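Trainee: The whole structure should be built from the sequences, with the hints applied where relevant.
Number of protein chains: 2
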Amino acid sequence: MRAEVLAVGTELLLGQITNSNAAWIGEQLAIAGIDCHHHTVVGDNHRRMVAAMRASLARSEAVIVSGGLGPTQDDITREAIAEVMNVGLVRDESIVERIRTMFASRGRDMPESNARQADVPEGSAVIEQKLGTAPGLICPVGNKVIYAVPGVPYEMEEMVTRAVLPDLQRRATEMGEEASTIRSRVLRTWGMSESALAEMVAPRVDALEGSGGATLAFLASGIEGIKVRITAKAADEESAISILDAEEQELRRLLGPAVFGVDEQGIEDVVGRLLSDRGWTVAVAESFTGGMVASRLVDVPGSSAWFRGGVVAYDSEVKHDLLDVRPGPVVCAEAAEAMAAGVSKLIGTNVGLATTGVAGPDSQDGVEPGTVFVGLCIDGATDSAQLQLPGDRARVRSLGTISALDVLRRRLQS
Amino acid sequence: MRAEVLAVGTELLLGQITNSNAAWIGEQLAIAGIDCHHHTVVGDNHRRMVAAMRASLARSEAVIVSGGLGPTQDDITREAIAEVMNVGLVRDESIVERIRTMFASRGRDMPESNARQADVPEGSAVIEQKLGTAPGLICPVGNKVIYAVPGVPYEMEEMVTRAVLPDLQRRATEMGEEASTIRSRVLRTWGMSESALAEMVAPRVDALEGSGGATLAFLASGIEGIKVRITAKAADEESAISILDAEEQELRRLLGPAVFGVDEQGIEDVVGRLLSDRGWTVAVAESFTGGMVASRLVDVPGSSAWFRGGVVAYDSEVKHDLLDVRPGPVVCAEAAEAMAAGVSKLIGTNVGLATTGVAGPDSQDGVEPGTVFVGLCIDGATDSAQLQLPGDRARVRSLGTISALDVLRRRLQS
Numbered sequence: 001m002r003a004e005v006l007a008v009g010t011e012l013l014l015g016q017i018t019n020s021n022a023a024w025i026g027e028q029l030a031i032a033g034i035d036c037h038h039h040t041v042v043g044d045n046h047r048r049m050v051a052a053m054r055a056s057l058a059r060s061e062a063v064i065v066s067g068g069l070g071p072t073q074d075d076i077t078r079e080a081i082a083e084v085m086n087v088g089l090v091r092d093e094s095i096v097e098r099i100r101t102m103f104a105s106r107g108r109d110m111p112e113s114n115a116r117q118a119d120v121p122e123g124s125a126v127i128e129q130k131l132g133t134a135p136g137l138i139c140p141v142g143n144k145v146i147y148a149v150p151g152v153p154y155e156m157e158e159m160v161t162r163a164v165l166p167d168l169q170r171r172a173t174e175m176g177e178e179a180s181t182i183r184s185r186v187l188r189t190w191g192m193s194e195s196a197l198a199e200m201v202a203p204r205v206d207a208l209e210g211s212g213g214a215t216l217a218f219l220a221s222g223i224e225g226i227k228v229r230i231t232a233k234a235a236d237e238e239s240a241i242s243i244l245d246a247e248e249q250e251l252r253r254l255l256g257p258a259v260f261g262v263d264e265q266g267i268e269d270v271v272g273r274l275l276s277d278r279g280w281t282v283a284v285a286e287s288f289t290g291g292m293v294a295s296r297l298v299d300v301p302g303s304s305a306w307f308r309g310g311v312v313a314y315d316s317e318v319k320h321d322l323l324d325v326r327p328g329p330v331v332c333a334e335a336a337e338a339m340a341a342g343v344s345k346l347i348g349t350n351v352g353l354a355t356t357g358v359a360g361p362d363s364q365d366g367v368e369p370g371t372v373f374v375g376l377c378i379d380g381a382t383d384s385a386q387l388q389l390p391g392d393r394a395r396v397r398s399l400g401t402i403s404a405l406d407v408l409r410r411r412l413q414s
Numbered sequence: 001m002r003a004e005v006l007a008v009g010t011e012l013l014l015g016q017i018t019n020s021n022a023a024w025i026g027e028q029l030a031i032a033g034i035d036c037h038h039h040t041v042v043g044d045n046h047r048r049m050v051a052a053m054r055a056s057l058a059r060s061e062a063v064i065v066s067g068g069l070g071p072t073q074d075d076i077t078r079e080a081i082a083e084v085m086n087v088g089l090v091r092d093e094s095i096v097e098r099i100r101t102m103f104a105s106r107g108r109d110m111p112e113s114n115a116r117q118a119d120v121p122e123g124s125a126v127i128e129q130k131l132g133t134a135p136g137l138i139c140p141v142g143n144k145v146i147y148a149v150p151g152v153p154y155e156m157e158e159m160v161t162r163a164v165l166p167d168l169q170r171r172a173t174e175m176g177e178e179a180s181t182i183r184s185r186v187l188r189t190w191g192m193s194e195s196a197l198a199e200m201v202a203p204r205v206d207a208l209e210g211s212g213g214a215t216l217a218f219l220a221s222g223i224e225g226i227k228v229r230i231t232a233k234a235a236d237e238e239s240a241i242s243i244l245d246a247e248e249q250e251l252r253r254l255l256g257p258a259v260f261g262v263d264e265q266g267i268e269d270v271v272g273r274l275l276s277d278r279g280w281t282v283a284v285a286e287s288f289t290g291g292m293v294a295s296r297l298v299d300v301p302g303s304s305a306w307f308r309g310g311v312v313a314y315d316s317e318v319k320h321d322l323l324d325v326r327p328g329p330v331v332c333a334e335a336a337e338a339m340a341a342g343v344s345k346l347i348g349t350n351v352g353l354a355t356t357g358v359a360g361p362d363s364q365d366g367v368e369p370g371t372v373f374v375g376l377c378i379d380g381a382t383d384s385a386q387l388q389l390p391g392d393r394a395r396v397r398s399l400g401t402i403s404a405l406d407v408l409r410r411r412l413q414s
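Which chain is which? The protein sequence lines are F and P, in order.
With my numbering as the guide, the letters of the first sequence map in order to residues 1 to 414.
With my numbering as the guide, the letters of the second sequence map in order to residues 1 to 414.
Wrong hints could be hidden among the right ones.
[Said to hold, decoys possible] No farther apart than 16 Å at their CA atoms in a straight line, the calculated lysine to aspartate or glutamate pairs in the EDC-like style are these:
{"hint": "1", "chain 1": "P", "residue 1": "Lys-345", "chain 2": "F", "residue 2": "Asp-321"}
{"hint": "2", "chain 1": "F", "residue 1": "Lys-130", "chain 2": "P", "residue 2": "Asp-392"}
{"hint": "3", "chain 1": "F", "residue 1": "Lys-345", "chain 2": "P", "residue 2": "Asp-315"}
{"hint": "4", "chain 1": "P", "residue 1": "Lys-345", "chain 2": "F", "residue 2": "Asp-315"}
{"hint": "5", "chain 1": "F", "residue 1": "Lys-345", "chain 2": "P", "residue 2": "Glu-317"}
{"hint": "6", "chain 1": "P", "residue 1": "Lys-345", "chain 2": "F", "residue 2": "Glu-317"}
{"hint": "7", "chain 1": "F", "residue 1": "Lys-130", "chain 2": "F", "residue 2": "Glu-157"}
{"hint": "8", "chain 1": "P", "residue 1": "Lys-144", "chain 2": "P", "residue 2": "Asp-167"}
{"hint": "9", "chain 1": "F", "residue 1": "Lys-227", "chain 2": "F", "residue 2": "Glu-194"}
{"hint": "10", "chain 1": "F", "residue 1": "Lys-345", "chain 2": "P", "residue 2": "Asp-321"}
Quick caveat, the hints were computed from the structure, so don't treat them as lab data.
These figures come from a predicted structure and were not determined experimentally.
Mentor: Here it is in structure tokens:
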């Protein structure tokens, strides 16, 4: 089974946005065991869209088209697919109603142009849109298929996961491809370089070589720590998952506390679980991270059970006045510990977590950019950690946020 | 003159890296006034690389191939181009020497595999490599051309800027095209749906139709508001920019306060500029946004001049105890205004900005998810706005953050 990705949008050709949709879909297809040999981008141009879909269908059994489903005149994916299918467009009144209701729920009238989003090529099936207005489409072309999904990433991801991948796998089985399942699991790590991880895992990689069991890969994408992906191919899900379980155990033994979570589990989710296990509450005091630590804790559903609040003490006076930090330097271990103690006292929690540091670009009071202190206060007892973080202002702030959460995570796990 | 971008690399198909090279090259081509109608990605596969180059050359006069010039066995761009040119590869000893010297300068011997990087399709010209080991190539195919550049972004960018774009523009002139430049500008908007914007701008789009002046497009990428892109093609940069200036003025007249910024300008940048223009300071009190508003303000370089800090009042008690919010419901206009007043008093600023609402997934005290109140306090005078936001918990929090900043932005601009 081969599938291709066709991203539609002149803004992609002009480089105003990067084609992250193709990367995401490509990764999902690989995990699902479906070959993908081409990614293509064309602009909002009917003739070129039609030609690109035909070229893809000549090479592959399926093409996933993302973008061009909006309400405006330059959104013409529906029309282009109809031409490839050699059918007309029919308006689906139930979709019009859905969109009308959606606008109404926001106290707005549906602009007439949105009705275009309810036009469906004859003979195609609709993928219900759960997050936005544009529905997706499953469009048969002979024994092949065109999937149309929105260009908005989170709408696209939800639709591909819920409808497109399952349909592709069903077709693969119908094509007589021996039903095999590929499952993967990602171990999330923090605090080790990729090469250090690779060295620790190397013997395991050799042991697995040609074993037909799991395979391992390192993913350094983004800044949320290095990921170790375990992939297992097996006849059925159950066997695949038991391979993953065994390998996860093996890797956790090798990597120890560097592993903080699995798959989509963020470090804030782990911290939240550890806190609620103890029935503890936390408050945060933030300087250079400016609310990012608090925001990540609030991201966790149910966080109100263990997160009470925090203080963004960006200006030094706020540190002194609200958090009882002694006059003097504010980027040091003493200040970090005072902030942690001050905020847990002010807000009334067992745990206080604090960040102070220099995000840059300029150094501050002779302290280099990237110098960061994390303060921790648990039931009155304070402690702190110093870190030197790389990168620009945004990177130092993000790395500092994760590092602060990791300091608390390791303490709660020890 | 039409050019296409062909990115080579299985890691792109697998989504292990996003195709930022195509975005960058696409932008450079647009600025140079060279049409680019297709971006393609293929893996490290000889047959598919050859087919992709032939398809590109059948549609366009030039194709820029990035990647596959490395020293390893799966770097086969040189071989594929030679097949398309129907010539053999000849080793350029001067390149071998350059690479050998380069390794020597780092006190290393050149691995023999690197000699492959000196293989050049007969009849092609070499683009000197100034940053890495792989040289680039200019490969004539009839009266058309294939450019080969490295996949490493900074090596690729240097080579495209220095050698590829000038060569393309020379060819365009030879083809009798008069020199032209394309410039574009993006107007950032908040508070209107794409279709509502489209309807307001429709008369302008019609007026411009075939005028040879600017063209307009809507970009709904991400959640940072709908963008209206103005693109102008003219003989030189100066004329292109004056077209953009005139059209921006026209659109601002049509769209009014919905336009908050231009190009990369974020709403927090605009708020920061407006505050420092007045010499005002701001503090924020956040409930469901949990620090996201503060974090975005801290993102702005130099924010310490006008942002002092804030309180994350996630737990209701924190709202009552720290911000003097009266006992009773906390998701209402009164609470939002009290939070804004309380935080500006607590931290000592002219302006207090506050958010309270229900992010979901569950409703709270009978209040539906998505219900949001933004409180504002300027020199003691309070005011508030109510919004109903769509989407899941993460989306409501992000939209609520931008909406809160927009409430302050509109007030400061009015």
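Trainee: Tell me, in ascending order, the numbers of any earlier hints that this structure violates.
Mentor: Per hint list: zero violations.
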